[in-house]
Amino acid sequence: MAQIHVENLSKTYRVGVRDPGLGGALRGLFHRRYREIAALSDVSFSLERGELLGFIGPNGAGKSTTIKILSGILRPTSGHCDVDGLVPWQQRIAHVARIGVVFGQRTQLWWDLPIGESFALLRDIYRVDPSKFATRKARLVDMLKISSLLDTPMRQLSLGQRMRCEIAAALLHAPSILFLDEPTIGLDAVSKLALRDFVKDLNRTDGVTVILTTHDMHDIEALAKRVIIIGNGKLLRDSSFESMRSEVLGERRLIVDFAGDSDDVAIAGASIRARDGRSVEYVFDPLRTAAHTLISRIAAAHDVVDIRVEDPKIEEVIARFYALHGAVES
Amino acid sequence: MTALPYLAILRARFVLMLQYRAAAFAGFATQCWWGGIKIMVMAAFYASAARQPIDLAQVITYTWLGQGLLGLLPWQADAEISEAVETGNVAYERLRPVDTHTLWLARAVAARAANTSLRVVPMFVAAAIVLPLIGLGAWRWRMPSSPQAGALFAISIALTVLLSSAFTVLLNIAVTALKTRRAANLAPVLVSPLSGMIVPLVLMPAWLQPFLFWQPFAGLVDIPYRIYFANLTGLAALAGIAAQTLWIVLFILAGRAWMARVMARVDMQGS
Amino acid sequence: MNSLSLYLSFIRNCLRAQMLYPTAFLLRFGSQFVITITEFGGLYALFVRFNHIRGWTFAEIAMFYGVVSVAFALADTTCRGFDMFGPQFVKTGDFDRVLLRPRPATLQLMGFEFGFTSLGRVLQGAIALVIAIALLHIDWSLAKVFLVVWAMTGGFALFFGILLLQATLSFWTVESLEIVNTLTYGGIEAAQYPLDIYANWFRKFLTFVVPLGCVIYFPIATVLGRNDVAGVAPWIGAAAPLAGVAFLAVAFAAWRIGVGHYTSTGS
Numbered sequence: 001m002a003q004i005h006v007e008n009l010s011k012t013y014r015v016g017v018r019d020p021g022l023g024g025a026l027r028g029l030f031h032r033r034y035r036e037i038a039a040l041s042d043v044s045f046s047l048e049r050g051e052l053l054g055f056i057g058p059n060g061a062g063k064s065t066t067i068k069i070l071s072g073i074l075r076p077t078s079g080h081c082d083v084d085g086l087v088p089w090q091q092r093i094a095h096v097a098r099i100g101v102v103f104g105q106r107t108q109l110w111w112d113l114p115i116g117e118s119f120a121l122l123r124d125i126y127r128v129d130p131s132k133f134a135t136r137k138a139r140l141v142d143m144l145k146i147s148s149l150l151d152t153p154m155r156q157l158s159l160g161q162r163m164r165c166e167i168a169a170a171l172l173h174a175p176s177i178l179f180l181d182e183p184t185i186g187l188d189a190v191s192k193l194a195l196r197d198f199v200k201d202l203n204r205t206d207g208v209t210v211i212l213t214t215h216d217m218h219d220i221e222a223l224a225k226r227v228i229i230i231g232n233g234k235l236l237r238d239s240s241f242e243s244m245r246s247e248v249l250g251e252r253r254l255i256v257d258f259a260g261d262s263d264d265v266a267i268a269g270a271s272i273r274a275r276d277g278r279s280v281e282y283v284f285d286p287l288r289t290a291a292h293t294l295i296s297r298i299a300a301a302h303d304v305v306d307i308r309v310e311d312p313k314i315e316e317v318i319a320r321f322y323a324l325h326g327a328v329e330s
Numbered sequence: 001m002t003a004l005p006y007l008a009i010l011r012a013r014f015v016l017m018l019q020y021r022a023a024a025f026a027g028f029a030t031q032c033w034w035g036g037i038k039i040m041v042m043a044a045f046y047a048s049a050a051r052q053p054i055d056l057a058q059v060i061t062y063t064w065l066g067q068g069l070l071g072l073l074p075w076q077a078d079a080e081i082s083e084a085v086e087t088g089n090v091a092y093e094r095l096r097p098v099d100t101h102t103l104w105l106a107r108a109v110a111a112r113a114a115n116t117s118l119r120v121v122p123m124f125v126a127a128a129i130v131l132p133l134i135g136l137g138a139w140r141w142r143m144p145s146s147p148q149a150g151a152l153f154a155i156s157i158a159l160t161v162l163l164s165s166a167f168t169v170l171l172n173i174a175v176t177a178l179k180t181r182r183a184a185n186l187a188p189v190l191v192s193p194l195s196g197m198i199v200p201l202v203l204m205p206a207w208l209q210p211f212l213f214w215q216p217f218a219g220l221v222d223i224p225y226r227i228y229f230a231n232l233t234g235l236a237a238l239a240g241i242a243a244q245t246l247w248i249v250l251f252i253l254a255g256r257a258w259m260a261r262v263m264a265r266v267d268m269q270g271s
Numbered sequence: 001m002n003s004l005s006l007y008l009s010f011i012r013n014c015l016r017a018q019m020l021y022p023t024a025f026l027l028r029f030g031s032q033f034v035i036t037i038t039e040f041g042g043l044y045a046l047f048v049r050f051n052h053i054r055g056w057t058f059a060e061i062a063m064f065y066g067v068v069s070v071a072f073a074l075a076d077t078t079c080r081g082f083d084m085f086g087p088q089f090v091k092t093g094d095f096d097r098v099l100l101r102p103r104p105a106t107l108q109l110m111g112f113e114f115g116f117t118s119l120g121r122v123l124q125g126a127i128a129l130v131i132a133i134a135l136l137h138i139d140w141s142l143a144k145v146f147l148v149v150w151a152m153t154g155g156f157a158l159f160f161g162i163l164l165l166q167a168t169l170s171f172w173t174v175e176s177l178e179i180v181n182t183l184t185y186g187g188i189e190a191a192q193y194p195l196d197i198y199a200n201w202f203r204k205f206l207t208f209v210v211p212l213g214c215v216i217y218f219p220i221a222t223v224l225g226r227n228d229v230a231g232v233a234p235w236i237g238a239a240a241p242l243a244g245v246a247f248l249a250v251a252f253a254a255w256r257i258g259v260g261h262y263t264s265t266g267s
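Which chain is which? The protein sequence lines are V, E and Z, in order. Just so we're aligned, residue 1 is where the first sequence starts under the numbering used here, counting upward by one. Just so we're aligned, residue 1 is where the second sequence starts under the numbering used here, counting upward by one. Just so we're aligned, residue 1 is where the third sequence starts under the numbering used here, counting upward by one.
Certain hints may be false.
To spell it out: a stretch of chain E is covered by chain Z in this simulated footprint if at least three of its residues, at any positions, have a beta carbon under 8 Å from a beta carbon of chain Z; those stretches are [to be verified]:
| hint | region |
| --- | --- |
| 1 | 26 to 34 |
| 2 | 38 to 46 |
| 3 | 186 to 193 |
| 4 | 198 to 210 |
Listed below are several chain V residues computed to face chain Z (Cβ distance under 7 Å; list not exhaustive) [unchecked claim]:
| hint | residue |
| --- | --- |
| 5 | Arg75 |
| 6 | Val101 |
| 7 | Asp112 |
| 8 | Asp124 |
Estimated spans, in silico, between C-beta atoms of each pair [unchecked claim]:
| hint | chain 1 | residue 1 | chain 2 | residue 2 | range |
| --- | --- | --- | --- | --- | --- |
| 9 | Z | Ala254 | V | Glu247 | 36 to 46 Å |
| 10 | V | Ile93 | Z | Val48 | 50 to 60 Å |
| 11 | V | Arg33 | E | Leu95 | 41 to 51 Å |
| 12 | V | Arg33 | Z | Ser264 | 18 to 28 Å |
Just so you know, the hints here were simulated from the structure itself, not pulled from any lab data. Even glycine gets a Cβ: it sits at the ideal position worked out from N, Cα and C.
Pulled out of the complex, with its shape left as it was, chain V reads as follows (with noise of 0.2 Å):
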């Protein structure tokens, strides 16, 4: 029985168009004229407990309007949705009782109060049980590592440790399901890691499902076996993410230093991609050439300093699926 399931999930925008320049503005005054936009046309997928699941797109494609549908603050046009067998928007606080949001760019904390306080009065809107607070509390802090903190007003904390506080608050109730809206967004380099360490630490061990919405692919890469990409307001692909990576891109792309200059460096099974001086990166297809064959083929014919393998970057194969289906930035 999965734990969220969505269907038809659809969602329309009226907005208001106003012609350019004074005599549209005057004309605004008497007669507003509407556009329809589709945010969402038709949406299903499902989630089973437990599973961590990377929602990705371009901007605007949609996927915002999904996480505030599933939260329960908005509304669809049509389609049906439900979580843990409650419909989101109809029975709110029963629903949102059960999961925990953290929205990248806002934060849940009350500004002036320390940290400590802000736990304090979220364990009271929460009606969680005071000792199984402290203990899930305690447990939190101990792996966000915010002990130090908990005695500090919000406004005084940098962004990451900002982050760290605003993940232990959502979970603070234990939820079954944590939705993250672009967590890592602002993030410099150690506390990415460290937010992703967490997540896929949480979702293994709890098995708190987790939906994550992001820009970053490397997000993506550490986090989510399952992917759901929305493009246009539409489902273009749900699987993992690696099938869609051999479907999208399935070159391999095989980097080569070599010794001394050299004209002639074409090899059978691959193409050369791009040159630098005396690195050249080759692309080849893996289900055609083997990987070794060419280094063979390479290391027989020349003197090389460094070979790599590598796949194409995520954002590449991103870019590119983004590109066969048309999503584009709305």
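Following the hints, complete the assembly by docking chains E and Z onto the known chain V.
Below, chains E and Z without anything else, positioned relative to chain V:
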């Protein structure tokens, strides 16, 4: 051909103003409401009365003048400067190649003038023109009592603009000195009663009159309005104008002295 | 933790945050108090000159004034979240967070901020009432005391309703909501006087549209024994504050429509 860019600016401004029409209308409606209530209350008081220093018609004009010229009053420090102080950018004020006090004074004058010229027109149209047209002439905003009164009023109200601006600069300096816009919070506490906006000063008890006449805020509302309907004439009117001038000079001198001390600190520390 | 304890928790935290800057706090409390006392002083000065307003004395006006001041100030203190709803929650999108918490939105908004400094106005209203009671010679009965409290309650409900309507409007537009001040501050200004001094149309407006007359004028006129002037029988005067509660109920209905609109169109 050279007019094109200016026409473009004008057109952009007009489009912008159309967007603010809701806010402007709301302000106008609010002031009509306030004026209306005050007048109804005063009319009820006057129904009982023996002779008073000013009659009901004058109180009505006083009230409409107050609403129409509300933009002249110094309720708070300059918003831009408050913002600059709180973000620490106020040091940039010192980078301009002009005397800072004069700069702030000019800014305050411009703000008062701009604010008021927009508000007074619809208020005047409604209270001086429309009311008589719909048969409520008894409640209208009356014209100055005589050409002399009108001329003296013009002088007095010009002084009001200066007085209000000089006081606003003092508020700005306070905000800069204390680094928060809250430093100007006492302004409405002083301005509201002492200018005559709550109750015309002349209706206050007789023993308070000398103090009320010579305190600085009388020049913001009470003195010019009483000149307008000739409650203050001849020498009394000139005394009022003298009082206004006196306080303008005092505020400016105090402002310059205070600013020198505050800005010395700003120059050194940057904020 | 039940709703009341949570609300008290919110207030405690608010107090703590405000007490971080004690001088600023005292200054604001003080200036609120001084401003309202000055207005009251202006009122007194008018009576020194005019003696009465259409037959009503200073003490009687002070009673009207005290009741409406306290009613408004209590609403102003507790409903800050609604007063600042537009800029604080709609414009910023923070209302989303309110909806993401498993508590009614109203409870969260009332707990958003407790206007301690507005207690200056409550104090001033109480002083006006004390002066009024000292100067008047009313035959106090339990019923009359209850009626005064009931009038304040109805007034509180009415002002709460006005602020709620203002908050509801901000779902559609964040501009030009200061016009609602005509009903809140303008309401105090208008309701501190007995409504019979006003023109007919205004009196009707303040009875049937924004029922300030029902929550202040009728019940207090009844307490003062001036039903003949007010034109209502004592039992109507006693029941009239219900209009404030009814107004609040209507405001809540509008609020729910507003929230529905917000959840349909997003932020």
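Okay, the hints, checked on the actual structure:
1. Closer than 8 Å: that is the beta-carbon criterion, and the region 26 to 34 of chain E has 6 residues meeting it against chain Z, so the requirement of 3 holds.
2. Proximity of the region 38 to 46 of chain E to chain Z, defined as three or more residues with a beta carbon under 8 Å from a beta carbon of that chain, is established by the 6 residues found.
3. Proximity of the region 186 to 193 of chain E to chain Z, defined as three or more residues with a beta carbon under 8 Å from a beta carbon of that chain, is established by the 5 residues found.
4. With 5 residues having a beta carbon nearer than 8 Å to a beta carbon of chain Z, the region 198 to 210 of chain E meets the requirement of three or more and the stated coverage holds.
5. Hint on Arg75(V) holds. Least Cβ distance to chain Z is approximately 5 Å, under the 7 Å limit.
6. With a cut of 7 Å, the hint placing Val101(V) at the interface with chain Z holds, because the nearest CB-to-CB distance is about 5 Å.
7. A cut of 7 Å between beta carbons decides the hint on Asp112(V): the least distance to chain Z is about 4 Å, and the hint holds.
8. Residue-level restraint check for Asp124(V) holds (minimum Cβ-Cβ distance to chain Z is 4 Å; threshold 7 Å).
9. Checked against the given bound of 36 to 46 Å, the beta carbons of Ala254(Z) and Glu247(V), roughly 53 Å apart, lie outside it.
10. Judged by the Cβ atoms, the range 50 to 60 Å given for Ile93(V) and Val48(Z) holds: they are separated by roughly 57 Å.
11. Evaluation of the 41 to 51 Å hint for Arg33(V) and Leu95(E) yields a pass: the beta carbon distance comes to about 48 Å.
12. Evaluation of the 18 to 28 Å hint for Arg33(V) and Ser264(Z) yields a pass: the beta carbon distance comes to about 20 Å.
When held up to the earlier numbered hints, the structure conflicts with hint 9 and nothing else.
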